[in-house]
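Those sequence lines, one after another, are chains A and B. Going by my numbering, 31 is the number at position 31 of the first sequence; the sequence numbering is gapless. Going by my numbering, 578 is the number at position 244 of the second sequence; the sequence numbering is gapless.
To be clear, the hints were calculated from the coordinates, so they are not data collected in a lab. Small disclaimer: the values here were computed from a predicted structure and weren't measured. Using N, Cα and C, we set each Cβ at its ideal position, and we do this for glycine too. Where hints are given, some of them may not hold.
[Claimed, not checked] Residues on chain A that point at chain B, a partial pick, calculated with CB under 7 Å:
{"hint": "1", "residue": "150"}
{"hint": "2", "residue": "239"}
{"hint": "3", "residue": "253"}
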Amino acid sequence: MTKYIIRRLLAAIPVLFGLSIILFAFIHLLPGDPAVALLGQHATPELTAEIRAQLGLDQPLWQQYLAYLGQLLHGDLGKSIITNRPIIDEFLLRFPGTVELTVGALIFAVGLGIPLGRYAARHVQGFGDGMVTVISLLGISIPIFVLGLTLQYIFAVQLKWLPASGRLDPRIAIEYHTNFVLIDTLLDGNIPAFFNGLSHLILPAIALGSIPLAIITRITRASVLDVTNEDYVRTARAKGLSERRVGGRHIMRNAWLPVVTVIGLQVGGLLAGAVITETIFSWNGVGRWTVQAIQDHDYFVVQSIILIFALIFLVVNLVVDIGYAFINPRIRYA
Amino acid sequence: MTETTIAIEQGGGPMLGVAPPEDVLLDVRDLKTYFHVMDGTVRAVDGVSFSLKRGSSIGVVGESGSGKSVTALTMMRLLDIPPAEIVDGEIWFDGRELVAMSDEDIRHIRGKDMAMIFQEPLTALNPLFTVGDQISEQIQLHMKVKKREAWDRSIEMLKTVGIPNAETRVKQYPHEMSGGMRQRVMIAMAISCEPKLIIADEPTTALDVTIQAQIMELLKSIQQRTGASLMLITHDLGVIAEMVDDVIVMYAGQVVEQGHVDEVFLDPRAPYTEGLIRSIPSVVGRGRRLKAIRGTVPSPFNLPPACRFEPRCDYPWDLCRATEPELYQVGAPERGARCHLYGPAGRGHRSPVVGTASVEGETESTEAARPDAAQVFLKSEQALEDRRQ
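Next comes chain A alone, as it looks inside the complex:
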């Protein structure tokens, strides 16, 4: 098992290497000059040339790439053009917000998707099944920004049940240790602030989790239906087990397998969706920062974020594959 994990991690290196080339090429194909963006109205040809020389943008592309790669190998992501601070520091400042949002969305999608899928499979072809199908079709076809704005309008503006934006009420001051609002408030025992943070999380998590929810529901339904017709389910019934035990143990354990794979793949979608969700809900995370960096032509920031997201995606899927082996003994990672 350890061998397998090491091999998978080693296999990730060429992937990241290839990705760094593609990213580098794409970013430099984008229109707009960072030096011009930085100088704004004051841009003169002389000043622009000076800035370009400072940033190394006047050198041939391959030299720029090699310099970038050299930095990466030293664990240095470079500095933001705009703030002139190390990108890694800025990233770590915002990453907890994105994790909170993504995990919230995942809990919403899995926690609701699996029971809904099981319910639909148990009442296949019935009214309940039809309703679940409609809900999941809606979930998958409504874009995040439409759903997000609609949720804000209904629950924040009209009903005033939940806050419309931000991670925490600006009037509440908390001390940051880990930059996770929910963790830091708990560490300080500040329960009202914790619930305030939680209430801020609900709407964006629902908006972001709607597509994974739809997919997980559909996959769970199909998987449960598939497994229900297996011979070993009949064997389990023939043993005299209760329907509860047959469903919970013999069917669900097997039905989990495809669902787990899909959950792993959804993490990629969640990270991408976080960009939109964080922008709509003014959520201080990596997603909103990405949008800002693109607008600012802050090349190095955009490059680094995509690279880190790719790394996260690889690691999450490795974790999923390992989790798979624990559920399914037929898979032996030798």
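Got chain A sorted already, so can you dock chain B onto it with the hints?
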């Protein structure tokens, strides 16, 4: 031969609603299981009756789709309702009636008093649990013992079914075992709670020929050792002849012949049984035409109007297309055949008996040419011989 011409179902049969005598473990009465599907209704089991004494064994033979498995699944109440429906009939098992029993009550019989071994050992075990886990789950449920105790009993059961290194094997997953080994596990699971009836639904169909014999041998020895009754479903006539006391032959959802296994094979009365026995292929008779039953099994949606076997029968006449034959008693009281030849109108028509006489008539080919059938016949002849003395 003089036969009484009363139908078994009408005469002598048990009264509906009344429990059978104590020595009868299983009494199936006029069981009807239909499937309501999109194209219509399939009468998969259509008026099947038979009974089984404690400690004895019965074989159920017939082609695919004749209703053998559905009969067994109905007894276990394992069919999905709908599309299935138990339309009519009674199943008396160990003094209790199963058709009207609640789902909760039947659960305590399933796997405990009545256990079933399925056809596909490769898919009948859950791939995600160790075999020990799966066996002890059942033991824990029915024997009300602790996990540790159930686990020990699982090991003991694996030893009983002849699995070497049971202590190691018990911790293995199904995919780590061969087909024969998995079927042994299924048998271990079935007998783990000391059932009164073991139903084996084509337990060797999916297995290698050499393994088939071993599994059958095992089933037989376990049945003898535990004193359980056995209901063996198969289409292998050779296996039936060696394994069971009584046999029922099914065709298109009905019993077409029943009786002691030796008598049925030695002296088949229903034209269908006769055809079945004739169609056993031979090794020495190579090059000769196989005497298969002509035609195919009728579509369940479009059964012949009267006798269901009539289109394929060698001896049909007008009556066979007009009215459905009953299961008439032939010879011994337990012996029956569903054919008009044995009904009131049957006299004068050609008897299809191929029994001893015809076997002797074809001596040069039969005994050597048909090892299975020959064995069956020799064995039954011997049995008859013994009885006469």
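Hint check:
1. 150: violated, 41 Å
2. 239: With a minimum Cβ separation of about 4 Å from chain B (threshold 7 Å), the hint on residue 239 of chain A holds.
3. 253: Constraint on residue 253 of chain A satisfied, holds at 5 Å.
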